[in-house]
Each structure stands twice: as C-alpha cells, then as structure tokens.
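Just so you know, the protein sequences line up as chains A, B and C, in that order. With the working numbering applied, the first sequence covers 1 to 188. With the working numbering applied, the second sequence covers 1 to 250. With the working numbering applied, the third sequence covers 1 to 360.
You can take every hint at face value.
Computed list of lysine to any residue pairs in SDA-like fashion (alpha-carbon distance at most 20 Å, straight line):
{"no.": "1", "chain 1": "C", "residue 1": "Lys56", "chain 2": "B", "residue 2": "Asn87"}
{"no.": "2", "chain 1": "A", "residue 1": "Lys60", "chain 2": "C", "residue 2": "Val11"}
{"no.": "3", "chain 1": "B", "residue 1": "Lys9", "chain 2": "C", "residue 2": "Ala217"}
{"no.": "4", "chain 1": "A", "residue 1": "Lys67", "chain 2": "C", "residue 2": "Gln354"}
{"no.": "5", "chain 1": "A", "residue 1": "Lys67", "chain 2": "C", "residue 2": "Lys277"}
Restraint ranges, calculated between C-beta atoms of paired labels, are given here:
{"no.": "6", "chain 1": "C", "residue 1": "Ser117", "chain 2": "B", "residue 2": "Thr156", "range": "26 to 32 Å"}
{"no.": "7", "chain 1": "A", "residue 1": "Lys123", "chain 2": "C", "residue 2": "Glu249", "range": "54 to 60 Å"}
{"no.": "8", "chain 1": "B", "residue 1": "Tyr149", "chain 2": "C", "residue 2": "Asp235", "range": "43 to 49 Å"}
{"no.": "9", "chain 1": "A", "residue 1": "Asp58", "chain 2": "C", "residue 2": "Ser186", "range": "17 to 23 Å"}
{"no.": "10", "chain 1": "B", "residue 1": "Met7", "chain 2": "C", "residue 2": "Arg199", "range": "36 to 42 Å"}
{"no.": "11", "chain 1": "C", "residue 1": "Thr2", "chain 2": "A", "residue 2": "Lys162", "range": "27 to 33 Å"}
{"no.": "12", "chain 1": "C", "residue 1": "Glu191", "chain 2": "B", "residue 2": "Ala112", "range": "39 to 45 Å"}
{"no.": "13", "chain 1": "C", "residue 1": "Val232", "chain 2": "B", "residue 2": "Glu229", "range": "38 to 44 Å"}
{"no.": "14", "chain 1": "C", "residue 1": "Gly54", "chain 2": "B", "residue 2": "Val243", "range": "31 to 37 Å"}
{"no.": "15", "chain 1": "C", "residue 1": "Tyr53", "chain 2": "A", "residue 2": "Thr147", "range": "35 to 41 Å"}
{"no.": "16", "chain 1": "A", "residue 1": "Arg81", "chain 2": "C", "residue 2": "Gly283", "range": "39 to 45 Å"}
{"no.": "17", "chain 1": "C", "residue 1": "Thr2", "chain 2": "B", "residue 2": "Pro17", "range": "53 to 59 Å"}
{"no.": "18", "chain 1": "C", "residue 1": "Asn224", "chain 2": "B", "residue 2": "Trp225", "range": "29 to 35 Å"}
Simulated coverage check for chain A against chain C, where a stretch passes if three residues somewhere in it have a Cβ under 8 Å from a Cβ of chain C:
{"no.": "19", "segment": "26-39"}
{"no.": "20", "segment": "63-69"}
Source of the hints: derived by calculation from the structure; they are not laboratory data. Even for Gly, the Cβ is constructed at its ideal location relative to N, Cα and C.
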Amino acid sequence: MAKGVKIALAGEGGQGVQSVAMILTEAAYAMGKEALYIPNFGVEQRGGVSVAFVQIDDEKIGSPKFKTADIVVALSDRAVRRTTMYCDQETLFFYDDNIEDVEEDLPKNSKKVVALPAIKVAKEELHPRVFNVVVMGAVIGATGVVTEEKAKEALESKLGYKFEQNPELREMNFKALQRGMEIVKEVM
Amino acid sequence: MSVQPQMPKSWRSETKPHKFCPGCGHPLILKALGEVIDELNIADRTVFGCDIGCSLLAWDFFNVDTIQTHHGRTTPVIVGLRRANENVIGIAYMGDGGGYAIGSQHLVNSAARDEKVFVLLANNTQYGMTGGQMAPTTLPGQKTETSPYGRDTELTGPPVQGPEMVAAISGENAYVARGTVGNVRQLKKFIKKAIQNVMEGRGFAFVEALSLCPTNWRTNAEDTWKFVEKDMATYFKVGEIKVPGEKKEG
Amino acid sequence: MTKPIEGEKKVFMTGNEVVAWAALAAGAEIMYGYPITPQNEIMHYWTRMAPKYGRKFLQTEDEISAGFTCTGGVLAGKRAFTATAGPGNTLMQEPMSMAEMMRIPTVLIVCQRGGPSTATVIYSQQETTMTCYGGNGEGFRIVYSTATHQELFDYTIKAFNTAWKYRFPTFVLGDGYQSKMRESLSIYDPEARNIEMVRAEPYVVKGGVPGENRDPAHLRNTYNMEEELYEVIMDHAREYEKIAPEIIEYEEYECDDADVLLVAHGVVSRAAKGAVKELRQDGKKVGHFKPVTLRPFPEKELLERAKAAKQVIVIESAYGQLDKLVKSHLYGCSTPIAQYFRPGEGITIEEVVQETKKYL
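Extracted from the complex, chain A is given alone in its bound form (with noise of 0.2 Å):
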C-alpha cells in the first residue's frame, strides 16, 4: 500500500495557510491523486491560529483527521505551541526561523526539526505577500506530492484573474514557489 501524506498547515489568520491547503489539494486532485483538506474551522477561525489538514494519497482517504502528521509547517510562535500535538518520530516539523522564543516550544520527539527562512526570503527577495506560496514550494520540495507544473497550474486557476490585471504577479508568485522549494533543499 502506497503511504500517503499527511500535513498539517498553522499560522495566524492572514498567514494563507487555508489558501495554500486549498492549493495543494487542488494540485493534487489535478494530477489524479485523492486528496482531502479539513480546516480547522472551530471558534479559533476567528482571531485564533488557523490550522488545515491536508492528506494526499493514492488511494481514497480514510479518516479526515489524523493524530500525527508526515509534515508540520507552523508559521507562527502560537502555531508552534499548537501543533507539536501533531508530532511524532515520524514527523518533519517546519517553523519559520523568523518566530522568536519558540526554543523551548518545539517539538522534542519529531524526526527533525528545520527552520525555514521562508518570510525572510518572501521580504527580501519577492514581496512578504507572497509568504505562504514559498511556504507551499518548501511543503511540495520536502514531499514531492505534488509537481511543480501542476502547482503553477493551481494557482494560476486560483488568482487567475489577478494574474491577468498584473502579470508580474505571475512571475512573482512562480518565483516565490520555485524559491520554496529551494529553500526546504538547502536547510535540510
């Protein structure tokens, strides 16, 4: 049996992390595969961390959730605090290594615990809007889920129409992906 992905994505509202689950699943289902996203969607949705859980497989899905995740990306220092529950020896846990005092909050028994200068190189090199597409390049580099050409074709159905208004948005956003996707490599 093919093992499928698991990933569990947290930030803070506005962070884009429903939008980048959205994405990828999006992708995925694009290439064939089964997919499936749950947003956390209880009274956090509104001021608290937003956490997506996301599953990619080959075969059909079988429960929506799951007690621990493949991958964790936690993008804020209260994501971190939140989803260490989803960790175990198995799974690589992303934080950027822009959150401050989050030492002591990582997770201890993960496999391995990366930071990744995601909103550093959003802020320097693209535009800090972009954040969360380099956090999705980081997630399909660590993973392969999904392919690159398969990801540009997902957001570009997705902000098509702003695409169209402003092409340099295009070259941005498949700049910010194919520089996620850098990044996870050189940090690994």
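Given chain A, work out where chains B and C should sit, using these hints.
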C-alpha cells in the same frame, strides 16, 4: 316547519353541526370567512390552515383544502405553501395564544417579510382549549386559571396589541385590521379586503377578530356580549389600522 | 432551461457544495433554511445557483419555521428541503414530528456539530438518536448516514426519491467534517445514470372544486380518541415495517471471516475501514459493518455478522448513540460488545487500530 339558517356554500354540511361550544365566537368568524370565500369564488385555490387551540376544531369545517398544524405553526406552514405555489390563497387561522405567544415570531417575521398570506386571529383573551389560562391578550384584572386573582399588569405586562404590532412591522402594502364578532358585517368586510390583498399579491394581510368564550369567561349571554363590546373594546380598538392606498374605515 | 449538471463530471469540493449540487440535480424546487454552522454553505451555494435554474429559497426566522415552511412546500407538491445542525436540529424536531404523523415527505440534511447545547460548531455524531427518534413519536423516518462526498451526493438525490415514494420524512445525516472538507467525487444528472426521479404531487389544491367535484383535503394530526390514534400509528408501523427491507442499506468490508467486527456509521466508518485494511495486512481477522440506513436499521444483516464474530466493537463520535441502536438490534446475540466512544471528537485510523488490538 323549521327553517334552516343559511350556510355559506363553502361550509361542509357533512361536518355540521360544528364542534364549537354553544355561544362560541369561532363559528361567527368562520361564517364571515365562508361567505367571503363564496363571494370571491376561491374555494378551489384556497388552503385553510388551522392551529392548535379551539381553532383546530375547524379542521374539517370547510369545503376547502385544510391543513391542521401545530400550536403557533400555522403561519409558517401556509407561508411555505404559498412560497411554493403562488396561485394558492393561504389563510392561517389561529387564536391569540397561537399568534401572540407561541407563534409570535412567525407572525412578526412573516409580516416583516411581507408574505402574501392572510393571518386571521381570534382574540378571546385566554386559552380556550386548555381550560382558560391567561393569554397575552388577557385584560388587566381579568381572572383566568393562571391569574386567579386577576391579571396583574405589573407582573405580566399589559394586553398585547396585536394588529398595532403587525402594522408597525409590516410594509406599505400590508392590510391590517381589527374586527369583532359584535359587528359581523364589518368583520366580513375586513376579511374580504384582507383576502383581496393577498389575492392580488399586494402584501401581507392580518385581521384580529374580537371573539367570545362564554365557557371560560363563565358568562351568561348578556355578560358575554358586554365583555366583548365594552371591556375588550376598551383595550382593543376596532377598525382598520393599515390599508394599502386607501382611506381607513373605523 | 439547461440542466444543472450535464451527464457526469468529476469534481473536488466541500460537502456543503456537494449537497447543493445534489439537490439541484435531484430537481429540488425550493429550499427553506435558517443560518447555523456548519450548515450555512448549503444555503450559500443554493442561493447562488438556484435562481439560474428557476429554483427558490426562503430564509426563515428560525429552524421551527424552516421545518414548517418546508412541510408547506411539500404539501404544495414540490420537492422541498431544508438543512440544519445541532440546536437547529433540536428545533427542527417539531416540524419533523408533524411530517412523520402526516406522512409529509420532507428532506432534511443534518450537518452534525458538537452537543449538547451550543457545544462546538465543528463535528460530532451526537445527533444520531435525535435524527432517528426525535420528536414525540416512534421514529417512522428514513435516515441515511453518509461517509464520503460521493455518498453525500448519491444519498441526497436518493433522499428525495425515498421520501416521495414512501412518504416518510427522510434525513441525510452528515456532519461538520463532511460539510467543510474537500475531496473528490463524481456529480451527475440522475438521468445519466438511469435514476428516475419520483414525481412530487400536491396534497392540496389538486384541481377541481372541493365539495363540488371532489372531496376537500382535510389533513390533520390531532385525534380525539385513543383508539383513533392507535389505528393511525399502527397503520404507519405496518407500512414502515413492510417497506423497511426495500430501504435498508449497509456496507460490509472484510466481514466474511471476521473475528472482530467493527461497527461504525458515517464518517467514522472511514477510520474503521482504514483500520481493517491495516490490520488485515498483519493477518488479523477484522471486518467492518457500516449501516447506511440507521432508520430502518439493517438488523438481520448485522445480527448475522455479529453472531459469527467473537467480538463486536462499536465506534462512534458520541457517547453511545449508535451503541444503543446496535444493542437494541442485536438482542439475542451473545457475542460481547465493546465500545469506543469519542463524543464530539473525530476518530482516526490510528486510534481504531490501537483500540482493536486490545481484542485480538
């Protein structure tokens, strides 16, 4: 040779004599309604909904398609029906408990949405079918089973002014009136205008009819009429309250 | 007017969107609704799409009204439906009990959220008992519990047909997970799959003049005498029992030689199935039985499997609601029944594997 009183054509003779108590106000209201249905010739497209409370006794009263619903819920059933079939003339019939207490949210919101239905409400100042408890319309000082020392308005508020409330919340095209079984000719006129308002798809229609309940009021004939014409009329002003594009009567 | 769906197509969407598409495809003519999470997007999608196909919507003042206006729509002869969750489902039980008494084929989609009370807007299976047996009645209803988006689509369409064929209120029991999650499924025009939609007919205003060339429809739910009521209820009971074998649906997974039988419904059955898959790889004789209809319940079929097993485990996101159903239908079966209850919480494959191992 006895002379049969004239019965509206829309009354179902097979179910007469009706099941209401002697001296009850319902048959008077339903006679006025029946005559209007006859005059407008709408028995084929009318759906009559009756509530829980004494109004339910009208479930087989008419030669008109009838739905007896739950306490307070006749308004939404008729609203849902009229929304699904705009050819239907929907009439929701209920008492003051059904309209002003348990079903008040439905009355208020249907009026606010300007649903094209006619709500006809019999106000006899108490819950008849359950044995004469206090209602939102019970008069100050009136004795009922749950206000045995007389209604204390300090504790329970004043009598609800139903049509005034409906008039306040409904749109320009609503028809709102209060009639009384003490003046059936006028009541019938109000009912007719109300039905015409919904027939023409103009807007919501609401008529409250001051009614009689000698059984629970424990009144003789004279005191029964005195109660409705004097006591009730003090609190509940009879007349048209809202008439789309017309001068009011009363 | 063009059809909402031509033929068949593969899509990736949320469960609430699935329900709206299914209702459109089924030819539902009007939806009545009141906002409550996690049901809202059914209304959102419906109100965006419905006018394009000449369908209607009414937003009511509460769920009591949504349910009763829905009965009104059905009485007018329309395929009408409503949807709700949690405390809204509680209010909906009043109109649904009227539908039960008067044999009004309403369709209600339930998106279970945590309970009791307001609890969470997220997920549970705590509306199982209420959806099956709510109101002051006997539970003469049809309840489909769905596990996947495909089932959500299939059974929403089927609900309209079952309701109108048998004239019992029909429920699709989903949950907040299904409402909010996205996964793939095929949506289709029922005709493309040779599914014939059962005709909806008016109960009132059926043509002709009442009292002249036909009798008036006098529909009621109140009776004067206990004997009168008894006859009505017994008629319903006989009818319900007669049609039950035609309606009952269930799914079995690796049950043939199962020593341990996992019983779960709805979305939890995905975890049960996943666990069976995993345990079977280790050679463990585990199987999964999923009742699709909770009312009527696949009693004979479960009883047969349970008798052949050495252990039954009931798994649910509630504190014993499915368990009660299962036990009442397994009367006379001596196989021990264990429980795994996670009221208001999702259940994962990992947990079910772990729990099942205790009995292997």
